[in-house]
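We have chain A; now place chain B onto it with these hints.
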Amino acid sequence: MNTTLYFDEVLLLIEALPSFHTDELLLANRKINLCTPSMELRRLFLPSLQHLVVNKTDNQSELTIWYVEEKDLKQKLKAPPWTGFNGQGYNASLNQEDVQIFFQPWQKQLFLYSKSKKTGIYWVSDSHFVPWWECTFSFRIIFHLWTQDLPAQLVHSGAMAKNGEAVLITGKSGSGKSTSCLNLLRAGYNYLGDDYVWVELSDTIKVYTLYQTGKIETENLEERFSDWKPFIINKQDYLHQKAIFDIKNLYPKSFVSSAVLKAILLPTVAYQEYTSFETASQIKALMAMAPTTLHHLPHNRTNSYNKMIMISSKLSSFDWLLGRDFNQFISSFDVFISNEITNN
Amino acid sequence: MKFLIFFLVLPSILFKHQLFIMYYLNPRLAAEIFDGEYIIANLDTGLYFSVQGLAVSMINFLPFETKDQVIDLLANTFPENSETIQKELTSILEELIENEIVLKDDLKTLVESKSNTLPIKYVASRFNKYADMQDLLLLDPIHDVDEDGWNIKNE
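Line by line, the protein sequences give chains A and B. Residue 1 is where the first sequence starts when you use the numbering used here, and the numbers rise one by one after that. Residue 1 is where the second sequence starts when you use the numbering used here, and the numbers rise one by one after that.
None of these hints come from the bench; they were simulated from the model. Among the clues, some could well be false.
Residues from chain B that face chain A, not an exhaustive set, calculated with beta carbons under 10 Å [claimed, not checked]:
{"hint": "1", "residue": "Y38"}
{"hint": "2", "residue": "L43"}
{"hint": "3", "residue": "G46"}
{"hint": "4", "residue": "L47"}
{"hint": "5", "residue": "Q52"}
{"hint": "6", "residue": "P79"}
{"hint": "7", "residue": "E80"}
{"hint": "8", "residue": "E83"}
{"hint": "9", "residue": "D105"}
{"hint": "10", "residue": "D106"}
Far from chain A, by Cβ distances over 10 Å, these chain B residues were calculated [stated by the list, open to error]:
{"hint": "11", "residue": "I39"}
{"hint": "12", "residue": "D68"}
{"hint": "13", "residue": "T77"}
{"hint": "14", "residue": "T84"}
{"hint": "15", "residue": "E100"}
Built from N, CA and C at the ideal position, the CB exists for glycine as well.
If we strip away everything but chain B, and leave its shape as in the complex, we get:
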């Protein structure tokens, strides 16, 4: 019986996994477009990011289920720069995932990708991280307190 369950359930998990990897913009972030440039703020951590160029179009396609499909589509729009685009969009998507701007989820229900107009001109993609404030944010000094709960180092 156990073997039967194993053979019935496992393939369905694998099948589901293959079908439903979803890339989507982290809903906890504030993302705005100014003059064709994305500014993405993680107001909880004090980290800010900006994305310029063709990678803006890649973000506009979110949520999507197949990253290669979106990157191929954008790369094929500008055949003369196809190779460069493949490299820069793959690299920026990795950065976006690493910084939890784009999240991957293999349990979400499949959502239809947005249809977007493709850009008419290729502009090289750039990803910037503004982390000036983050070191200060992590400051959390250890302190001793008196009977009323106040820090005693000042005394």
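If we strip away everything but chain A, and leave its shape as in the complex, we get:
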């Protein structure tokens, strides 16, 4: 059994579906079809992508994603018959030239993508087994596999904008990335994402909103965002997950779909009163964005790494030393945007 045969067998089961629902999305000017027979999976996966949904057109889609539960299919699906998948869902011993597989063996879910068919498949044994976090970045791995042949890259990063110009806010978990984005959102800046964004590489580097869901740790929620509590989506579960918010509903006027990227900010909680900015090296920017992104997205690493080298080498980078004074945090950001972004 090779990966192509395995993919074709799964696709055959899916193509035999008597009926299914299609949602059309537009992401970075490319049409995507999301197809599922499961209204429960649609309820779980669509909200984070809801802002990308468009009216149905006759245009050819550039990517089709099928997402199904076992009960939807006529036949049980066998687990990928290969050993060697690591904790990241990657199997280095498999030939994945056309069909690529993301499979974490302790989960009963599976992601497949065929480059030649431009088709992604998500299968889960039962909707109850969908990990909660998976729905906050729906089909992330499939989008990533799709970008291999596109001038685009998913980056583990937030992005905030003003007047169509954006900064990428990147760093590993706990660096203050999401909190900074959400604080800026509250202060009136435009939101493009606080966890994963789509970066389009052309003469000008643009950032597109990929997901409209924000996530906040419980402790952080109590400390800084307690007024958002009425808007928590996962009210039953947020204490043992993270509090999830629909940012587009929460701040509809601040929500934008794209902006031109002008700089990279590398936040660090600095245990000082006032926030400050310092020029950072390109390597530091690359090291803030690449290891964490490539850890989440283990396929096509060289290709992605080269794209992130391009991003970090084309943009100015700054260490963003986060202070305690909230008002000064905002005012210093205003000054930074005015001096380094708008006037440059």
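Same frame as chain A, but now just chain B:
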């Protein structure tokens, strides 16, 4: 006859060994220079390294066959810092070898070392290792599977 082969072959192996120890950059790694600093990524293991200062010039000389020759050349370029340079370049080369960034091979055909311009200013060398992601990469939980091959712990 056996003795004859031994005496003919052994010296030639030793002779070859002495001549052909080659230090070279691991071709499986992605190595790029930004602003005079090397960033070297092992995308298979999730380990990233950066090299700054005069050690960048040492890497630029790769492949080379005699490490002392290259280190001496760089140390003698800045006589006032010669001793420090000897120590730091020897130590960084050891780190590079230990982390399989630089490989040693005594079977390779001799390749001519690259000629490189020497730096005009001495900048102290630094070697950094970014291993934040590696612990997570090694995660590979043991699991039992059902008849269809799926993990049964979730049930």
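Inset, instruction - Just pull the numbers of the violated hints for me, sorted ascending. - result: 6, 7, 8, 9, 10 and 11
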